[in-house]
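Each chain, letter by letter, is given below.
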Amino acid sequence: MTPRRPDTDTLVRERLRANANDVDALFVLAAIHANRGQLIEGVSVLDRVLRIDPAYPGGWIFKAKLHRMQGDDRAASRAERRASEESL
Amino acid sequence: MIPLDPAPADVVKLKVCMAGEAMVGKTSLIRRYVLDEYDDRYIATLGTKVSKMVLNVPDPTDARSVEVRMILWDVMGTRTLRDLLRDAYYHGAHAILGVADLTRGETLAELSGWFESIRAVAGPIPSYVVVNKADLESERAKTHESIDGHCGSRGWPWSYTSAKTGEGVEDAFRNLVSSVLRARMRPVT
Numbered sequence: 001m002t003p004r005r006p007d008t009d010t011l012v013r014e015r016l017r018a019n020a021n022d023v024d025a026l027f028v029l030a031a032i033h034a035n036r037g038q039l040i041e042g043v044s045v046l047d048r049v050l051r052i053d054p055a056y057p058g059g060w061i062f063k064a065k066l067h068r069m070q071g072d073d074r075a076a077s078r079a080e081r082r083a084s085e086e087s088l
Numbered sequence: 089m090i091p092l093d094p095a096p097a098d099v100v101k102l103k104v105c106m107a108g109e110a111m112v113g114k115t116s117l118i119r120r121y122v123l124d125e126y127d128d129r130y131i132a133t134l135g136t137k138v139s140k141m142v143l144n145v146p147d148p149t150d151a152r153s154v155e156v157r158m159i160l161w162d163v164m165g166t167r168t169l170r171d172l173l174r175d176a177y178y179h180g181a182h183a184i185l186g187v188a189d190l191t192r193g194e195t196l197a198e199l200s201g202w203f204e205s206i207r208a209v210a211g212p213i214p215s216y217v218v219v220n221k222a223d224l225e226s227e228r229a230k231t232h233e234s235i236d237g238h239c240g241s242r243g244w245p246w247s248y249t250s251a252k253t254g255e256g257v258e259d260a261f262r263n264l265v266s267s268v269l270r271a272r273m274r275p276v277t
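Listed in order, the protein sequences are those of chains A and B.
By the working numbering, the letter at position 56 of the first sequence is numbered 56, and the numbering carries on one by one without gaps.
So the number in the working numbering is just where the residue sits in the second sequence, counting from 1, plus 88.
Treat the hints as calculated values from the structure; they're not laboratory data.
Hints are supplied without guarantee of correctness; some may be wrong.
What the hints assert, rightly or not - Derived CB-CB ranges, DEER-like:
(1) A/Ser84 x B/Glu125: 15 to 25 Å
(2) A/Ser77 x B/Asp259: 37 to 47 Å
(3) A/Arg68 x B/Val138: 18 to 28 Å
(4) A/Pro54 x B/Asp98: 30 to 40 Å
(5) A/Asp72 x B/Ser153: 40 to 50 Å
(6) B/Thr168 x A/Arg68: 51 to 61 Å
Unchecked claim - No farther apart than 16 Å at their CA atoms in a straight line, the calculated lysine to aspartate or glutamate pairs in the EDC-like style are these:
(7) B/Lys101 x B/Asp171
(8) B/Lys230 x B/Glu198
(9) B/Lys137 x A/Glu80
(10) B/Lys137 x A/Asp22
(11) B/Lys101 x B/Asp175
(12) B/Lys230 x B/Asp171
Every residue gets a Cβ at the ideal spot worked out from N, C-alpha and C, and that includes glycine.
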């Protein structure tokens, strides 16, 4: 029988119940929101990730992407600059 | 493709991204390689995990040894979010380690989609494929010839690994690094 990975939404919920500041779970929650078209919620959760861990891997690039999806090119450029700084 | 950061002479920094379906053993391979540990329990990866490893390999251009500072990016195998997160994960990547599961044939077929997604962001970077869980030979889902044909027709160098026993793990990472160093000398197809 093919093994199954636990449902991502469920995993995220479980992890956040155990620790509301779990950055990995919050990062994925931001992606889940964005994937559903809930970009404002996605950016909001991602901002929380980046407040907790400003060097979260890929965090600023993802933020730039979400801002571009929102049509906010200035905010996207700011996030891209921050991504460059974090990678130095 | 992002140029390799030459840093000081004979030091190369590489960002290597893991790719492959959920539960193929991406995290276990990194854990085996970096910590020489294995845990039988499955813990699904959420978000991004970054590990670092330094190794010395011969430079294919001459007889010197090169110090490679490898940053290994372990990512979720959740395909529904893969394309949304690909910029975040794969921006600046220099190489891909694709992981398939010997006991689940479809995981090899799915690697094409992973590679395509990564190369859309990182360009034509080198890849290496490992068929993991080689310790589960009795549950093999594809013949050796079938795997070799699949990988060979796509130009993917490959080998078996077992994160559980450690078989082939270090060699796989070394082979990948050698591919990257060789690719510095010629365009990757």
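Now for the hints, and whether the structure bears them out:
| no. | hint | result |
| --- | --- | --- |
| 1 | A/Ser84 x B/Glu125: 15 to 25 Å | 34 Å, violated |
| 2 | A/Ser77 x B/Asp259: 37 to 47 Å | 43 Å, holds |
| 3 | A/Arg68 x B/Val138: 18 to 28 Å | 24 Å, holds |
| 4 | A/Pro54 x B/Asp98: 30 to 40 Å | 32 Å, holds |
| 5 | A/Asp72 x B/Ser153: 40 to 50 Å | 48 Å, holds |
| 6 | B/Thr168 x A/Arg68: 51 to 61 Å | 20 Å, violated |
| 7 | B/Lys101 x B/Asp171 | 25 Å, violated |
| 8 | B/Lys230 x B/Glu198 | 14 Å, holds |
| 9 | B/Lys137 x A/Glu80 | 21 Å, violated |
| 10 | B/Lys137 x A/Asp22 | 13 Å, holds |
| 11 | B/Lys101 x B/Asp175 | 20 Å, violated |
| 12 | B/Lys230 x B/Asp171 | 28 Å, violated |
Going down the numbered hints, you'll see the structure goes against 1, 6, 7, 9, 11 and 12, while the others check out.
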